[in-house]
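Trainee: Using the sequences and the hints, build the whole thing.
There are 2 protein chains.
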Amino acid sequence: MGVTVPAGHTRAACRAREILDRVGDKWSLHVISQLGEDTKRFTELKRGVDGISQRMLTVTLRELERDGIVSRTVYAVMPPRVDYALTPMGHTLLEFVGGLVTWAEGHLDEIDAARADYDTRAEKATAFH
Amino acid sequence: MGVTVPAGHTRAACRAREILDRVGDKWSLHVISQLGEDTKRFTELKRGVDGISQRMLTVTLRELERDGIVSRTVYAVMPPRVDYALTPMGHTLLEFVGGLVTWAEGHLDEIDAARADYDTRAEKATAFH
Chain A
1 MGVTVPAGHT
11 RAACRAREIL
21 DRVGDKWSLH
31 VISQLGEDTK
41 RFTELKRGVD
51 GISQRMLTVT
61 LRELERDGIV
71 SRTVYAVMPP
81 RVDYALTPMG
91 HTLLEFVGGL
101 VTWAEGHLDE
111 IDAARADYDT
121 RAEKATAFH
Chain B
130 MGVTVPAGHT
140 RAACRAREIL
150 DRVGDKWSLH
160 VISQLGEDTK
170 RFTELKRGVD
180 GISQRMLTVT
190 LRELERDGIV
200 SRTVYAVMPP
210 RVDYALTPMG
220 HTLLEFVGGL
230 VTWAEGHLDE
240 IDAARADYDT
250 RAEKATAFH
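If you read the sequences in order, they're chains A and B. Each residue of the first sequence is one higher than the one before, starting from 1 at the first, in the numbering used here. Each residue of the second sequence is one higher than the one before, starting from 130 at the first, in the numbering used here.
Please keep in mind that the hints were generated in silico from the structure rather than gathered at the bench. Keep in mind that this is a model prediction, so the values were computed, not measured. Careful: at least some of the hints might be erroneous.
To be verified - Listed below are several chain A residues computed to face chain B (Cβ distance under 7 angstroms; list not exhaustive):
#	residue
1	I19
2	R72
3	V74
4	V77
5	G99
Positions of the beta carbon are idealized from the N, C-alpha and C atoms, including for glycine.
Mentor: So this is what it looks like as structure tokens:
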């Protein structure tokens, strides 16, 4: 279906895999999704991304900034104010991230049914041993 | 932009986040991408997904099977043969996973430039201290 990163060892393929690992990271997906709504401050992001630690949010934002996906703007006020936003390149990612979120929301029931079925089969398999 | 999982505590929103964590996991993305090409055996997947351990591939496949995204077919031959494939629901995920891969391939240069720029700025900031 032509969507696989080639298993070959071309530089582009290896690099694409590395970048996929970055943007496919669960925290990155959440942060990108949050910033798709609006520019946010650190504390707003921390509140918006359930379960993320201060340290992990710091690391995730730094990597996304380094990749040119997120911009960081410091305002010289007291106390200092720092805003995080998606760059134009970051915005081009939203389509896929948003698509995944919508997919997840739309397949909740189907996934629940699959899990119940799997667990029933697993129980039966255990009962026969 | 309407792509964010709501920060609210509705059951659907929490569940969608959980499912996003699963399919957004870097190994899941790679495995789904590989199975988008064709049905594969465990050893073929292990070869195709650079850097994945046997244990992590086993866990990833089990979770994807439980979620109804991957199917596992055991053939009663000697030695036993096990095939992994995307289910019809799994195929509906390919569009986003493939989109992310294509995005990564298409933004390599832009990301490289952003990183070089970031590292130069970081060096300058250090030099001034």
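Trainee: All the hints need checking, so say for each whether the structure fits it.
Mentor: Hint-by-hint comparison with the structure:
1. Using the Cβ-Cβ criterion of 7 angstroms, the hint placing A/I19 at the interface with chain B is satisfied: the shortest such distance is roughly 4 angstroms.
2. Interface hint at A/R72: violated, since its Cβ lies 10 angstroms from the closest Cβ of chain B, which is beyond the 7 angstroms cut-off.
3. The beta carbon of A/V74 is not positioned within 7 angstroms of any beta carbon in chain B (closest approach about 12 angstroms), and the interface hint is therefore violated.
4. Taking 7 angstroms as the C-beta contact cut-off toward chain B, the hint placing A/V77 at the interface is violated, the least distance being around 20 angstroms.
5. For A/G99, the interface hint holds, since its Cβ comes within 7 angstroms of a Cβ in chain B; the closest pair sits about 4 angstroms apart.
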